[in-house]
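Single-letter residue listing:
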Amino acid sequence: MLKYFASRLLTFVPTFLGVTLISFAFIRVLPGDPIIVMAGERGLSEERYRELSEQFGFDRPLVVQFWEYFTGVLQGDLGQSFVTKKPVWDEFFALFPATLELSICAMVFAVALGLPAGVIAAVNRGKFFDRALMSTALVGYSMPIFWWALLLIIVFSGNLQWTPVSGRIDLIYYFPDPTGFMLIDSLTSGQKGAFASAVRHLVLPTIVLGTIPLAVIARQTRSAMLEVLGEDYIRTARAKGLSPGRINGIHALRNALIPVITVIGLSVGTLLAGAILTETIFSWPGIGKWMVDSIFRRDYPVVQGGLLLIAVMVMIVNLTVDVLYGVINPKIRKR
Amino acid sequence: MTDTAAATAPKAPERPGRLREFWFYFRENRGAVFGLWIFAAFAFCALFAPLLSPYDPTEQFRQFTLIPPAWQEGGNWAFPLGTDPLGRDMLSRLIEGARYSFFVGIVVVTVAASGGILVGLISGFAPKWIDTIIMRIMDIILAFPSLLLALVLVAILGPSLTNAMIAIAIVLQPHYVRLTRASVLSEKQKDYVTAARVVGAGRLRLMFITVLPNCLAPIIVQAALSFSTAILDAAALGFLGMGAQPPTPEWGTMLAEAREFILRAWWVVTFPGLAILVTVLAINLMGDGLRDALDPKLKRS
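Heads up: the protein sequence lines correspond to chains G and B, in order.
Heads up: the first sequence runs through residues 1 to 335, numbered per the working numbering.
Heads up: the second sequence runs through residues 1001 to 1301, numbered per the working numbering.
The hints are simulated quantities; they were obtained by calculation from the structure and are not laboratory data.
Heads up, some of the hints might be wrong.
Mimicking DSS-like on lysine-lysine, the simulated pairs with C-alpha atoms at most 30 angstroms apart in a straight line are [said to hold, decoys possible]: (1) B:K1128 x G:K3; (2) B:K1188 x G:K3; (3) B:K1188 x B:K1128; (4) G:K3 x G:K127; (5) B:K1128 x B:K1190.
The following block holds chain B by itself, in its conformation from the complex:
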């Protein structure tokens, strides 16, 4: 345990070495590698959805409504995972749904992380009173349960996937602010920062070039974990009717549409949820591996 901690300490000489070292530790965690593969498949589905899906996800085959999966009695190999109540192909809709979830994850994490890092940096470097104000504002946002706040924000902005993403990004952002600020405050004490300041580095250079790269490890881990939170929350909002609107094949929205059929057609309920679970699980596995490889300090949790 302590050996690995010493080896991954940020003493690594140059970039390629550091990357290879990271991969060495990441590879050790078999779950993380497994998660990475699933995530790659998910990303592949998202990128090439129109090529992969057998049908248009909104095309309705009226004579084939609620067909069970192919291996079940009454199934049809033309629709491997069956069809939904409107006769749309489940497989095509699930593949298309990967697009929305992937998109949500990328956008939410980018917005929340860049905003949060910037505010956190400012908070760490600014005079105490600004820092206090920023942290109180973050406390206020964190006082609301995230899903509830997102729900109310979407109610204000109007239900749509874009607004759901904005709401989730706002709700997730304080975590980045706190994380960045905490790392900045501890890095600022260190000798190399003092050295840079003595040499005459300006404040902006200190913030973005000297300190920020050394704060990135926990932020990257947080980014991976909030990618999965974003997907879950967007699906939950879709499920409550406050996210993507039908007929969008977003996984949460699909579940909401399928609710009344749960006792008659298990497949319309099972597959979209399974897709969410597998994706989120893969990302969380990857996140655990990332944390172990990047941030030996956090290894115990």
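Only chain G is shown next, with the shape it has when bound in the complex:
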């Protein structure tokens, strides 16, 4: 077990180095000199240019620059935003709860609907329910989510006026945010209507972000269930006279869950990619929107740091899934 864990961890190190190298390389390859971009319209004198390039270390050899960047990263120093002059690390973790809250809600939505849908489809294999659910899942899987978001806005915000179009909460509410999760903070603030407002802001982005994971989970659950339902121990359970509910719900689902959990873990990357579109459309103040805005503003340190942090997060989640998989399934460990 320890050996397996160590080997997984060892592959993490070169990947981390490579990810750092790539995000470091981006700032050198991007068109336009970062210092000139930073100076903006005003321009700057040659003297000031040299001063700044010395300050940022652009005049030193690339290897030295990378070494400094890398040691900085290990200490949590990702540089400062050109625009706000605040450390990238602080900005990232100030916005991260918004993305996390949205992602968790989307995942809960996807699992809560996807698991039962997959089980129902598998149990009714080939019948009407199966076909209807799986066709819907395929549509969801093929959905351009930016368009899906616009459609939902037309119907629920435009025609029905049920949900707001953007942001996390109505502007009339103001309260401190100790956790950064709007749902929790609005509840503990004790202000009337704040929680309801937060929920209404959250509904559409959650649906939009959760749609593709929902479809993937439903499809995966169905196929995993079908495989398990063909096993001998299910026949045994049936022969024992257990109720279908018990067989499907306890014997089959529990064993079908392993591949499903893997899919859930691996869709973190998908969620973050989806968050870019979802947050941009709903003006959700999270990491995705921050990255897109920074790309447009050519705020290189932010793009660089955000890219690195997101990649590292995806890597950590993947590693965790890998290790958990090894814990659950000893066959994998031996490979």
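Start from chain G and add chain B according to the hints.
Then chain B, alone, in the frame of chain G:
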């Protein structure tokens, strides 16, 4: 289930028989055939767009801005699907847009698949240390969410459809590398490869003639599925303003242009997205059918 698996196992005697067998299994999946028809219509639109579209897609009819579809009040049969805020005919733009999406799909899949297959083959046959380096590089690319990486790459290269295609191809390529490598490693163990080696086949012959054809089934399925991913990602980049630039009638770009009108003119938003959805759905249906017909091993998923 097991019967069909045995029948499609790669024991088929000769080419025409294999093709007919493939069609036999593909036809069984009604969704896949349906998808194939829609895809054919899509390809037809893409190929003959200038002949099919009633107007030039960039021509602006200034007195006919934001006309609703013909069947709605205020509609005009001269513009069956209405016009956009600049008075351009929606139908013509949608048909022309099929060209861009089709082109994106073809180019991205060709580039990503040929590159990925080559690197995967090398990785499968090369000494262990080269293999390790290649796979680590692929791990690094896969650590970034694909759309984010594509977005940053396009920011570096400059926003245009060509650069979006390059970025998407780079992002999709590791999947082909992993897939090819995995099949190569399992095929390499088999007796026919050993036999070929004993007879004296060179390394290149082993790679491209002996092993590669037997690895193609999952790669073809992946190609179909990444065709749809490419279309979706290109549209997403266009939507974010990092893909095709206006006035190009690319579907994602059209959506981005239409955003401010969503509450006033539903048709400028609905149709381009519907076009993306239907195309991607058709390709995914086809991909599912292809997988069932070509690769019985994967049938369960």
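- Task: Enumerate the violated hints, using their earlier numbering and listing them in ascending order.
- Result: When the structure is compared with the hints, only number 4 turns out to be violated.
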